[in-house]
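**Student:** This is what each chain is made of:
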Amino acid sequence: MFFGENNLLSLMMIAPVVGSLIIMFIRHKDAEIENRNVRSVALFTTVITFFMGLDLWAGFDNATAEFQFVEKFSWFGDDINYYLGVDGISVLFVLLTVFLMPIVILASWESIGKRVKEYMIAFLVLEALMIGVFTALDIFLFYVFFEGGLIPMYLLIGVWGGMNRIYASFKFFLYTLLGSVLMLVAVLYMYLEAGTTDIPLLMMYDFDVDVQSWLWLAFFASFAVKMPMWPVHTWLPDAHVQAPTGGSVILAGVLLKMGGYGFLRFSLPMLPDATVEFSWLIFTLSIIAIIYTSLVALVQEDIKKLIAYSSVAHMGFVTIGIFLLNTNGLEGAIFTMLSHGVVSGALFLCVGVIYDRLHTREISRYGGLAINMKVYAAVFVLFSLASVGLPGTSGFIGEFLVLNGSFAYSSWITFLAATGVILGAAYMLYLVRRLIFGDLTKDDVKAMPDLSIREKLIFAPLVAVVLWMGIYPNSFLEPIHTSVKALLETHYPAETTQAAASDTSPVAVSSEGAYR
Amino acid sequence: MEFLAKLIVFLPLTGFLIAGLFGRQLGDKASMIITSGFVTIAGIASWFVFGEVALLGNVPPTIHVLDWVTSGDLSFNWALKIDSLTAVMLVVVNTVSALVHWYSMGYMEDDPHKPRFFAYLSLFTFAMLMLVTSDNLVQMFFGWEGVGLASYLLIGFWFKKPSANAAAIKAFVVNRVGDFGFALGIYAVFLLVGSVEIDVIFAQIGQYENATLSFLGHDYHAITVIALLLFVGAMGKSAQLGLHTWLPDAMEGPTPVSALIHAATMVTAGVFLVARFSPLFELSPIALMVVTYVGAATALFAASVALVQNDIKRVIAYSTCSQLGYMFVALGVSAYGGAIFHLFTHAFFKALLFLGAGSVIHAMHHEQDMRKMGGIKNKIPLTYIVMVIGTLAITGFPGLSGYFSKDMIIESAYAATTPGAEFAFVMVIAAALMTSFYSWRLIFMTFHGETRADNDTFDHAHEGPWTIRLPLILLAIGAVFAGWMYSGSFIGDGRFTFWNGSLVTSAGDIMEQAHHVPAAVVWSPFVAMLLGFILAYYFYMRGNDIAKRTAETWDGLYAFLLNKWYFDELYHFIFVRPAFWLGRQLWKRGDENTIDGFGPDGVSSLVAGVAARVRKLQTGYVYHYAFAMIIGLAVAVTWFMVQSGAH
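In order, the protein sequence lines correspond to chains A and B. Mapping of the first sequence onto this note's numbering: position 315 corresponds to residue 315, and the numbering continues sequentially without gaps. Mapping of the second sequence onto this note's numbering: position 364 corresponds to residue 364, and the numbering continues sequentially without gaps.
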């Protein structure tokens with residue numbers, strides 16, 4: 001433990017804030033030099049934070065389901081505390097956040113030319129808030145981070161976005177407003193009812209069954225928008241299309257995971273009866289999402305829109321996994337979120353690379369990149385395959401676990417969701433064909449150079465992680481096991497024992513003569 | 001043995017990584033030598049392992065390589081399991097792969113992307129080896145999709161051609177349909193047995209003989225459901241009727257690829273899968289019946305299409321499809337040894353035919369249309385001789401390899417009393433006649449008669465370099481002797497010690513009965529072969545236009561066969577077009593009109609023309625909203641402060 005154990009989580013949030021303060025005071029006559037210094041400080045800050053994250057991972061005890069690295073100070077009055085900690089469900093999301101940040105800064109190195117200072121500050125503040133979301137153990141604190149994180153993201157789209165950024169950021173605002181108002185009401189109600197905002201205590205609080213449904217729906221409104229789930233997903237394609245590359249990476253890589261994390265942290269442990277009651281709703285919406293958005297992805301003309309729609313489909317697997325309430329489902333869902341964070345982030349970076357060169361996202365403007373951008377082509381194909389869920393890449397493990405978990409629950413879910421795997425191959429390979437393969441005919445495309453050293457540096461760690469997660473996923477599954485087990489055993493004892501009992505399981509061994 | 005096994009599997013991977021990552025720095029020659037050399041070493045080691053494991057019976061324990069996944073009760077590792085069945089596959093895969101690597105050095109001489117090509121070939125070899133050495137279903141699935149990936153990359157190797165790209169995607173997506181079934185099969189196995197490890201499944205499957213499984217709302221016999229789902233995977237990979245449409249199009253890839261992947265090895269993975277799971281299939285007569293029917297139907301269907309194709313590679317592709325049907329017939333009637341034996345001999349003679357066809361194409365300046373060939377047997381005599389050997393082998397000429405394995409299948413189909421066996425027997429006899437006809441038609445149209453090629457091409461037709469000729473000779477030797485040498489072990493008296501429990505038959509020993517069928521049955525494939533030859537000779541060697549006139553008389557049937565029973569058109573009409581249409585409808589009408597229309601767009605237009613004002617004021621509003629959010633948060637914070645103070 002290089003950074004100490006006692007307030008590592010706070011340090012991880014303070015570091016980017018300090019970084020952004022330093023950036024604020026950087027002044028130089030020459031704008032070029034000023035921007036270079038700003039970028040360097042931002043990169044340095046995020047790298048330091050990443051090392052803190054590694055420290056956190058190394059010091060994390062896989063054997064306990066208790067919260068670790070806990071910090072607790074009285075904040076407002078008696079009830080509201082500054083209360084942080086991580087368990088197996090959250091620790092890897094923190095790691096994902098700090099892993100992606102230096103990559104994002106590096107990816108924005110040349111493509112962001114205007115208001116570099118503000119851009120970097122926005123990102124660093126966003127990083128602190130994202131870490132806050134995944135580590136907050138006070139529901140009020142969580143709400144502040146959760147909603148606060150929207151502001152820098154909103155600005156990133158609205159200020160550094162593309163042509164239609166106002167519409168996109170407005171849509172983003174409207175959707176999330178709906179969710180957050182309802183969630184705030186639920187949070188207030190819980191506080192008044194239970195008399196505490198302490199998340200571990202709330203997890204143990206027994207809310208009345210009728211109340212649970214209302215609370216569950218209020219949280220659902222917020223998390224479903226964040227995921228996003230069908231039919232509240234339409235903000236995502238627009239937000240992605242308009243966001244700058246770095247914004248898209250963080251949006252797909254981390255912000256979407258907050259919805260899934262919210263379900264895991266609040267809905268499942270705090271509202272178990274309502275969770276069981278509404279799981280049919282989740283399964284229905286998820287399956288529609290998988291098939292519907294996969295078909296929509298098939299006909300997209302804009303690269304970013306296509307990848308955005310594919311994200312909605314992948315998140316469908318996540319929501320299915322979470323609400324299966326069994327080990328494979330939950331672990332698969334968490335793993336899918338981590339994998340998707342890396343893979344979709346990488347795919348948006350890939351789009352950024354060619355967008356920087358040709359300034360268009362229109363698929364038909366490209367073609368034949370395998371001829372003049374060989375390294376790029378290889379990288380793009382690899383990430384596409386990971387997105388498709390090819391075994392050996394990170395994308396496979398999560399999907400496989402979720403689908404395996406779902407088969408015990410209902411083979412219909414598996415059957416319908418697995419069609420998404422076929423459609424996924426179709427739309428991704430169709431994209432690869434149009435971008436990477438084919439002949440190189442257009443003059444401006446011919447002139448595009450292959451990846452620069454900086455760009456290779458961006459992709460190298462992503463490639464490594466995608467393969468690592470695919471070949472030796474235990475590194476990432478082991479921290480998850482104990483917490484998932486505890487979650488299921490504490491809050492869903494009925495579901496856990498039910499699956500083992502033969503009378504309700506879909507397998508019947510003793511039925512002689514049913515066949516033959 | 002452990003070292004040897006790891007060497008066999010991971011040398012090709014190393015070759016792939018070296019040629020793939022450093023191919024440009026190393027140069028063409030070094031990349032080719034390294035990949036080919038590595039696979040050749042793996043090939044020699046495979047024969048050693050084959051001798052040790054299959055012939056001497058020293059089966060090593062499963063070799064653990066690396067942990068893979070543990071989640072709840074589900075756990076599986078990277079591991080190498082080598083028994084007789086695997087040993088046979090190792091020999092087939094690495095032998096053909098090594099020869100194809102060497103052959104490609106000559107064949108791909110003028111291609112500017114040799115390191116990439118050889119890297120893909122080695123990647124394919126690695127994935128195939130992972131598939132056949134797997135000790136669990138998931139690693140098998142890894143190999144399964146890995147070979148699919150390599151196949152995708154190699155079919156689309158000449159990626160400037162739109163047709164090659166289309167074929168590559170088609171191959172991958174159609175295979176995914178099969179993989180969909182395979183994956184569901186894995187989940188079903190896990191649900192039933194609680195493990196995906198092959199040894200555990202086999203040890204426990206007996207106790208689930210009468211178990212039922214709820215699948216899509218109904219209770220079915222559990223093992224039948226599993227076997228059929230796994231078989232869907234096998235159908236995709238082995239191009240069986242319904243999921244076969246990708247294989248002929250896969251001929252867009254370079255010819256050595258067709259020989260290795262789309263004839264000798266990858267497409268036989270489905271046969272391997274069913275054989276590997278013989279203990280499971282044996283417990284489901286329904287599944288075996290389905291396998292029999294599908295195999296028999298494919299054998300006849302593909303042979304019928306091959307009768308009229310004009311592209312030399314497509315003829316051989318449909319021939320492969322048809323021969324795979326034979327193998328499934330053998331599996332369906334529980335003659336597993338016969339299926340694997342045919343897989344083994346087929347690998348030699350079919351790779352030989354493909355590489356021979358490649359040699360023809362090479363000589364004819366990349367012409368593949370047999371209508372523009374003819375009369376070149378004296379120009380490329382070696383190719384001609386080996387192609388005739390391959391043809392004799394595939395048609396089952398007595399003494400050559402195909403004779404032993406194919407006749408075994410036909411006799412087993414006759415001897416079997418299981419449902420579908422009778423149908424299968426009729427189909428494979430009919431297919432044998434067609435096989436003989438289309439195979440000799442190929443020889444006659446390509447090598448005999450007056451040439452139909454232009455003078456320049458004809459004059460310059462010549463044999464390839466030794467890297468092309470040597471693999472042809474070696475494969476020809478295999479095509480001649482493989483049957484005679486190994487029939488005793490694979491399907492003869494030595495079969496029990498040879499297979500050593502890796503293939504299981506529960507009820508009776510069909511191959512024993514197959515040795516005692518009536519003489520008429522024994523002679524029937526020979527008669528079919530002879531008839532096919534005579535017909536082909538009569539149609540194509542008499543120098544008349546009888547072939548043309550027959551096609552004109554039966555023009556409906558001819559068009560039906562020439563267009564491959566219109567499967568592509570049908571699938572395009574019921575799957576591809578509706579998918580794109582639906583996608584567009586959901587996007588435009590669903591997302592944009594309905595969801596956005598009633599959602600954000602509707603709301604914003606309600607809010608007193610906000611949208612219009614937004615357009616005027618541009619960025620100003622961005623900060624307004626951000627400010628609104630901050631205010632909102634501040635209100636919430638304040639409220640909490642007041643509340644918690646009051647508590």
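Worth flagging that the hints you see were computed from the coordinates, not collected in a lab. For glycine and all other residues, C-beta sits at the position ideal for the given N, C-alpha and C. Hints are not guaranteed to be accurate.
[To be verified] Reference excerpt, derived from the structure (chain B facing chain A, CB under 8 angstroms, subset only):
| # | residue |
| --- | --- |
| 1 | 28 |
| 2 | 59 |
| 3 | 61 |
| 4 | 63 |
| 5 | 65 |
| 6 | 67 |
| 7 | 71 |
| 8 | 163 |
| 9 | 165 |
| 10 | 177 |
| 11 | 191 |
| 12 | 580 |
| 13 | 586 |
| 14 | 589 |
| 15 | 591 |
| 16 | 595 |
**Student:** Indicate, hint by hint, whether the structure satisfies it.
**Tutor:** Structure-based check of all given hints:
With a least beta-carbon distance of about 15 angstroms to chain A, the hint placing residue 28 of chain B at the interface is violated under the 8 angstroms criterion. This hint is violated: residue 59 of chain B has a C-beta 27 angstroms from the nearest C-beta of chain A, more than the 8 angstroms allowed. A least Cβ separation of about 23 angstroms between residue 61 of chain B and chain A goes past the 8 angstroms threshold, and the interface hint is therefore violated. A hinted interface residue such as residue 63 of chain B counts as satisfied when its beta carbon comes closer than 8 angstroms to some beta carbon of chain A; here the least separation is about 17 angstroms, so the hint is violated.
Checking residue 65 of chain B against chain A: minimum C-beta separation of about 11 angstroms lies over 8 angstroms; hint violated. Nearest Cβ of chain A to the Cβ of residue 67 of chain B: about 6 angstroms, under the 8 angstroms cut. The hint holds. Interface restraint check for residue 71 of chain B: the shortest CB-CB distance to chain A comes to about 5 angstroms, inside 8 angstroms, so the restraint holds. Given the 8 angstroms rule on beta carbons, the hint for residue 163 of chain B is violated: about 11 angstroms separates it from the nearest Cβ of chain A.
The restraint placing residue 165 of chain B at the interface with chain A holds, with a minimum CB-CB distance near 5 angstroms, inside the 8 angstroms limit. Here the hint on residue 177 of chain B is kept, as its CB sits about 6 angstroms from the closest CB of chain A, short of 8 angstroms. The restraint placing residue 191 of chain B at the interface with chain A holds, with a minimum CB-CB distance near 5 angstroms, inside the 8 angstroms limit. Contact between residue 580 of chain B and chain A, as hinted, is supported at the beta carbon level, the nearest pair being about 6 angstroms apart and thus within 8 angstroms.
The beta carbon of residue 586 of chain B comes within 5 angstroms of a beta carbon in chain A, closer than 8 angstroms, and the hint placing it at the interface holds. Look at residue 589 of chain B: its Cβ only gets to about 11 angstroms from chain A, farther than 8 angstroms, so that hint breaks. Annotation: residue 591 of chain B was flagged as interfacial toward chain A, and the flag holds, the nearest CB pair being 5 angstroms apart, inside 8 angstroms. Look at residue 595 of chain B: its Cβ gets to within about 5 angstroms of chain A, closer than 8 angstroms, so that hint holds up.
The structure does not agree with the numbered hints 1, 2, 3, 4, 5, 8 and 14 stated previously, though it agrees with the rest.
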